[in-house]
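Enquirer: Sequence:
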Amino acid sequence: MRLFTRICWALLGIVFIFSGLVKLNDPVGTAIKLEEYFEVFAVDLPSLGGIFEWFKNQSRFLSIALSSLEVILGVALLLRWYLRRTLYILLALLVFFGFLTFYSAAFNKVTDCGCFGDFIKLTPWTSFVKDLLLLVLWVIVFAGQRFLRHRFVQGTAGLMTMTFASALAIGIGVRALGHLPYFDFLPYKVGNNIGQLMKPAAPARYRYTFTKGDETKEFDEFPTDSTWKYKSMTVLNPEESRPVITDLRLTDPEGNDATQQLLTGNKLVLVVQNTNKTDRERFEQFNALFAAAAKSRKNIGVMTITSTGAGKFDAFRHDINLATPYYFADATVLKTMIRANPGLIVLHNGTVMAKYHYHDIPALYQIEKAL
Numbered sequence: 001m002r003l004f005t006r007i008c009w010a011l012l013g014i015v016f017i018f019s020g021l022v023k024l025n026d027p028v029g030t031a032i033k034l035e036e037y038f039e040v041f042a043v044d045l046p047s048l049g050g051i052f053e054w055f056k057n058q059s060r061f062l063s064i065a066l067s068s069l070e071v072i073l074g075v076a077l078l079l080r081w082y083l084r085r086t087l088y089i090l091l092a093l094l095v096f097f098g099f100l101t102f103y104s105a106a107f108n109k110v111t112d113c114g115c116f117g118d119f120i121k122l123t124p125w126t127s128f129v130k131d132l133l134l135l136v137l138w139v140i141v142f143a144g145q146r147f148l149r150h151r152f153v154q155g156t157a158g159l160m161t162m163t164f165a166s167a168l169a170i171g172i173g174v175r176a177l178g179h180l181p182y183f184d185f186l187p188y189k190v191g192n193n194i195g196q197l198m199k200p201a202a203p204a205r206y207r208y209t210f211t212k213g214d215e216t217k218e219f220d221e222f223p224t225d226s227t228w229k230y231k232s233m234t235v236l237n238p239e240e241s242r243p244v245i246t247d248l249r250l251t252d253p254e255g256n257d258a259t260q261q262l263l264t265g266n267k268l269v270l271v272v273q274n275t276n277k278t279d280r281e282r283f284e285q286f287n288a289l290f291a292a293a294a295k296s297r298k299n300i301g302v303m304t305i306t307s308t309g310a311g312k313f314d315a316f317r318h319d320i321n322l323a324t325p326y327y328f329a330d331a332t333v334l335k336t337m338i339r340a341n342p343g344l345i346v347l348h349n350g351t352v353m354a355k356y357h358y359h360d361i362p363a364l365y366q367i368e369k370a371l
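Numbers 1 to 371, taken from the UniProt record's numbering, label the letters of the sequence shown in order.
Hints were generated in silico from the structure; no laboratory data involved.
Please note that a few of the clues may not be correct.
Straight line, CA to CA, 20 Å or less: simulated SDA-like cross-link-like pairs of lysine to any residue [said to hold, decoys possible]:
#1 LYS335 / ARG146
#2 LYS212 / GLY191
#3 LYS335 / GLU35
#4 LYS217 / TYR206
#5 LYS130 / PHE164
#6 LYS277 / GLY213
#7 LYS335 / GLY265
#8 LYS130 / TYR206
#9 LYS277 / GLY309
#10 LYS189 / TYR88
#11 LYS56 / LEU93
#12 LYS231 / THR216
#13 LYS130 / ALA105
#14 LYS189 / GLN366
#15 LYS56 / LYS335
#16 LYS295 / LYS335
#17 LYS335 / VAL244
#18 LYS369 / ALA294
#19 LYS189 / GLU368
#20 LYS369 / THR351
#21 LYS231 / VAL244
Make a model of the complete structure from these sequences and hints.
Expert: What follows is the structure, given as C-alpha cells:
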C-alpha cells in the first residue's frame, strides 16, 4: 500500500505540473477556451450574465492564474509542502474542472476542454473521465498521507523553493502572453504548408453494408449485384481523409475569394484579429517595415487579413495610415493562425516560414532571411 500510494502521489503531482505548463505555453489559447465557457454560462444563466461577462474580460489574467496554480500545487504536492492543505486546494480544482468537463459533455457546449492545451485534444467525455481518474488518485493519496509524512522541504527553505516555483510558473505564462507560444501545436505553425493541410492526406476509404433478405454483408467496394440493398456506409480512415485546415477562406472587399493569393509567392501577412483590441502603437513600425518590404529584391507581397467589418476596418486603416491590400477571414481562423493582435506571418508559396508577435517586430533582413 505504501508503494501504491507513492505512485499515485507522484502521478497526481506530475499530471498537474504537466497540465499547467502546457496551458502556460499558450495562455492566449487557454484564455480563448475560458471565454467559450463564460459565454456558455452567460447564455445558460442569464441572471448571472453580467458576472460571467466580467470573468470573460479577465480571461487572460485567469488563464495565467489558474495555469500557474496547477503548476504550483503540483510542485507543492511532490515536495509534500503543507501536504494536507495542498490536497484540499487540489480537490477544489478537481471539482471545478470536473464540473466544467461534465457540463461540456452532458450538454455538448464546449467540444474541447483545453485541459492540455492544443498539445493533446480531448473530447468532453474523455476529459471528464480523466478528471474522475485524477479524483481517484486524490482519494488514494489523501487516505494514505501516513505514507507521505516526510517533507522534502520545510521552513525557510520550503518557502523559498515555493516562491521560486511560483515566480517561474507565472513568468513562463507572462512571457508567452507578451510574445508567442514557446511551442506551437496549431496547424499554422512554422514549417507547415497551409495549402497542403487544406487537402486530405489520403483519399477516403469506405466500407459498405448491404442486406439481402435476412443476410447482412460488408463490402469494400460498391457491389454490382443489384439484389443487395444498401444499408449504411462507414469511412475507414476519417482522420487521413479529412483536411487539417477546413475553415480558411479569404475574401476581398468585393466579396471575391482571394485565398489563393495568400498561398502564392513570398508574402508578409499582417493579421489584425480585431481593431477594437489591437495595439495601435505598433503600426508606425509596421508601416515602415511594409515600405521597406515593397523595395525588397525578394519580391515580397504585403497583405493584411482581418475579421473586422469592411466599413469599420476601412476607417481604421485610414486612421493608422495602413496602405496594404486587405482581406477578410473568420475571427476564429485568425486566432488560430497567430496568437497576437496584430501579428506577422511570413509565407513562401503557402509554407509558414516565420511568425512574429507585435512585441517582436522584425527588421527587413530577418524577413528576407526567413524566405
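Enquirer: Okay, which hints does this one fail, numbers in order?
Expert: 1, 2, 5, 6, 7, 8, 10, 16 and 21
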